[in-house]
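Participant: If you read the sequences in order, they're chains W and R.
According to the numbering used here, numbering within the first sequence proceeds without interruption in unit steps and concludes at 662.
According to the numbering used here, numbering within the second sequence proceeds without interruption in unit steps and concludes at 662.
Just so you know, these hints were derived from the structure itself, not from any lab.
Accuracy of the hints is not assured; some may be wrong.
Identical copies carry no separate label here, and so any pair may be met within one copy or between two of them.
[To be verified] 25 Å max Cα-Cα, derived DMTMM-like pairs, lysine to aspartate or glutamate:
| # | residue 1 | residue 2 |
| --- | --- | --- |
| 1 | Lys112 | Glu640 |
| 2 | Lys214 | Asp288 |
| 3 | Lys214 | Asp498 |
| 4 | Lys112 | Glu639 |
2 protein chains.
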Amino acid sequence: MTDDAAQGPGFSLADVAREGLIEPSGTGQVAHDGSGRVDLSFTVHSLAEDGAEVPPAQRGVRVPPGVTVFDAASWNGIAIDSTCGGHGTCHKCRIRIDSDGPEVPITRHDVKTFSSEQLADGWRLGCLVQATRNLAVEVPPLTTRPKAATVGIGRQVILRPALQKRYVELSEATLADQRTDLVRLTDAIDDLELTADLHVLRRLSTVLREADFKVTAVILDEALVDVEPGDTTAARYAIAFDLGTTTVVGTLIDVGTGTPLAVASSLNQQQPFGGDVITRISATMMDDEALGRLQAAAGATLADLAQRVCREAGVDPAHVYEVAVAGNATMTALALGIDPEPLGVAPFVMTAAQPPSVLAGDIGLDLHPRARAFFFPALGAYVGGDIVSGMLASGMDRDKRTRLFIDVGTNCEIVLSDGETILSTAAPAGPAFEGGAIRCGMRAADGAIETIKLDAHAEGEDPAVTLGVIGDVEAKGLCGSGLVDAVAELVRVGLLDDTGRLIPEDAAKEVAPALADRLAKVGEERVFVLHRPSPTSEPAECVYLSQRDVRELQFAKAAISTGWSLLLEELGLEQRDVQQVLLAGSFGSYLSPASAVRIGLVPKVSVLRIVAAGNVAGEGAKMALLSVRERAGALALLEEVSYVELSDRADFNDTFVEQLSF
Amino acid sequence: MTDDAAQGPGFSLADVAREGLIEPSGTGQVAHDGSGRVDLSFTVHSLAEDGAEVPPAQRGVRVPPGVTVFDAASWNGIAIDSTCGGHGTCHKCRIRIDSDGPEVPITRHDVKTFSSEQLADGWRLGCLVQATRNLAVEVPPLTTRPKAATVGIGRQVILRPALQKRYVELSEATLADQRTDLVRLTDAIDDLELTADLHVLRRLSTVLREADFKVTAVILDEALVDVEPGDTTAARYAIAFDLGTTTVVGTLIDVGTGTPLAVASSLNQQQPFGGDVITRISATMMDDEALGRLQAAAGATLADLAQRVCREAGVDPAHVYEVAVAGNATMTALALGIDPEPLGVAPFVMTAAQPPSVLAGDIGLDLHPRARAFFFPALGAYVGGDIVSGMLASGMDRDKRTRLFIDVGTNCEIVLSDGETILSTAAPAGPAFEGGAIRCGMRAADGAIETIKLDAHAEGEDPAVTLGVIGDVEAKGLCGSGLVDAVAELVRVGLLDDTGRLIPEDAAKEVAPALADRLAKVGEERVFVLHRPSPTSEPAECVYLSQRDVRELQFAKAAISTGWSLLLEELGLEQRDVQQVLLAGSFGSYLSPASAVRIGLVPKVSVLRIVAAGNVAGEGAKMALLSVRERAGALALLEEVSYVELSDRADFNDTFVEQLSF
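Taking the hints into account, I'd like the entire structure generated from these sequences.
Facilitator: And the structure:
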């Protein structure tokens, strides 16, 4: 690992954690004047195992203005003492501000915590100091060792889950001490300002007395959601859901350690209503009962996964107190039973960007009866909570590099950040990348060609076509990444021209003698044969790429590249300015970066700058469960990220046509 | 009415409103140094109907420290502009602070509202200025005329109900304006920071579109609870419940005008479980299902009343959005389904002092599906929400006189305020005042003797005994007020001695010749005959007061007078210092002040200082519905009022024995 102390200001721990993904050198540090962000320079004191002081570490952090110093540190893996999670109640997050500017305001909590000498010396509670300008911050040694987990794209997350459990042993009431049961309990947990709802109060007096006043308080943020007899602090679980249109993934985690205990995935049970969001929205428009049935199907999918992960890990579902759900705007609306119709028709309006906090039972889950479900907010009808979650996991808002985030799918979401401004948009790519509308297309399952290498001049034993097939079985079709590879390779060897036309057979024999015999016809359409089951197979019996398939891919990639082109233009940037391209989702993991660059799906940058980010939506959901700070960061994205609607732009068509060519 | 402008500082509008109840003169102004309260001196500017300025009015107000200036004004009937109800969002409650002390802090809302010149000149938002010391406050003329209602004991309440309705006509979405439906709505109501729960969001998009974006937002505090098509602003109703152990009263009010539209009362359907709280608590201890049945009975009682008042007023129950419930701690626990057992056994502990806000549906009411139920908080297991509500209605915390509040019943609640400190306690008076344990006792119903006048020396046509009988029918028994009158009159004429013993017949003939023949025996017990159905009736067939009845009353009144004696002692006061005695509840309305003084039920003060306060619990519930300020005042009582537990005091027994005599 890099020596943190050696990092200059402006380079965050999050960057360090992402080190493996950063292009080693030579990308150059783009200079930012920080006008839209503030720089915090942390001096972090710590003690060695034997209690001796060690030299302080220097760390620079760049955050949006208004973020608290505590948040800024927490987001960047710098631990500051706290038990209340930054609510201003525990008075433990002591820091010292060393500032040239005007004095940092003193709050009533500061007055309670510090002497007037300390206040004059710059001591404040970190959760109450807003970073509105550059500050130098000293962090004293921790009194307790914080736990952290690595989540997302190498993000180091300090564990501050909304879910807390506290075991307390209370004194019994007497005539001289008639405090109410609730006050007796909350007095014992005085670093939080707890509230209790009717359900807890109905059980409270009975549980306290049956358990001899030795109980475990179950807390979500500052809401007391249950009081359990005895010490149950070890059982504190949550489930992160990536609620995809096609596939749903659930991960059971222990929020006390950050450890994932079990993962399960399944097809979304809404599939019978249609494969994509538009067909499912249409279903609700044609049948009044469809919304209820789609909601039930989403609930059943989530409930099934919850049951499976709990069973696999041997966890009682009643000990799961929270779930986080990352889904696109339509999946979110359907899971919550909110009418999705306005999402499906222009002008594409959401009911609300931030779904309210609901009970897990409201979305069909049978966990703890007061378990809560957090849904990620959406930036727009087609840049949903899954993308916000992915942005969180990839630290899109906490990095000063120019980064492009692309989630390729039927609807493709694109986010561009230049370290100051973050823009997002959606591009309707259509089903090509999922194998839809492609003659030999199929999902990325066993038998799907996922990689292709062509050798135009292969001779003798050397193969002219090298296929990578999922499951190492005989090729049965072509999935999205194989499609991109096929087209990219055909362009490279010259069998496809810039306009996307397969060149005439005569010319083919010249430019690619080893491959020319694979040009054939199926019906009236020209095709390129990728796999011939037997030497005598007719072209129609083969796995092939057709001229029309190429056109489908061209439209899909043009939609996407139009999206990022216009975003780059908005920020006055060129393709070469992009320092990192994050390809999100499973498709991104299989895509060949070289092919993606070659066909123009991503900007023309070094393939080293192209990173498969994996299931970032699911990772962001885990982060939201493990840290209230990260969750606040996700909500803050609603303010930080601008949504750009492309469909009503005058320059959309011109750019699209430009982008059609390879 | 008194000329407000002529009132000196320290005399509040609330006092003026209570004028009819204040002893006209001669009580003297008790001097307070204000150590526990702060004095605000308001200069209220206003305009005449024609827009001309009129001379400003001066008003002094005394409040607990920490109350906002806005609240302090509102509580005392001084109107300051506001639409958000004091949440800091509408930026309308402009005031100017003229202070000799340190400058009043400037908040970020102040900065948004005022120029720096205005800030330097002392202008602030009144809802954000805490009165921590004496201040002079200038209030500019109102831009809208506030509505007020007279509620409680002559309290002038400025209408600021938690329930608001706002009719809005919204523009439809376009590709250039893709704001979410929720933001579109909340942008149109930007003086409030609205939140929406899942139930509203599920309906929002459909309602907006079906109603052509012309809708009425239904708001409770800052929660959006519904969006109704068209303009429904006129239909905004709430129900105030006085949930008594015996009798339950419901009042339907229009919160837009403060007008009560219908009142209904009924017996509490929990009666079959026992007449008092202890027997009902016992029922839950002996039968696991009793709590559920008691809860259902409370709900059924409330639901029946709700239905009746809505029907009587022709109001759709779906237009009732809030209810307030004032009940003792046991009634509150049972209505909410909270186990009351710890209330019934020493050390008498509540689950929580402040019940959480719940849905009206949670307590069995079938009103608007998201209607909310507010329960008054309790000060102790036996000084419940009904008393807090009564204190609110009688302004116990906003008066600098020394006042004693007594709610006489099986459990008697006593509150004493000297204008600085407020103490409360409970005294177990037993059932005597409700006619229980009294030989000829009965409830205050037709046939009950409620007033008695004796003439020891009546001659000729003059009656020796004059009875007031409820319903003007033949006397059948003796209710509580009659019992007090009977004992008081017997003491006055000398037939009862100081110890409560009926004097010997010989002596009786001397001191009360016209009454001596009414002394008789029923069995072995001496009695005084109050009503003889016919000249030949045996004593046992008559309505009489027995020697044991007198003892019962002695114990009951001693319990009560021990309570207020010890509270007076706590504050270092004598009986004569009490400037007002408020007798709450229906019993208080019928009690003869002279008799109450004579038997020592209340301190020995001029009868002019004894005021029947009526159903103050119900009045307080109305106030809580009509004003969020008043509701906050009720919650503040939890901090302001100390509960004194008498049962474990060393001096309790001695005082009790002292108080037994007349």
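Participant: Any of the earlier hints contradicted here, and which numbers?
Facilitator: 3
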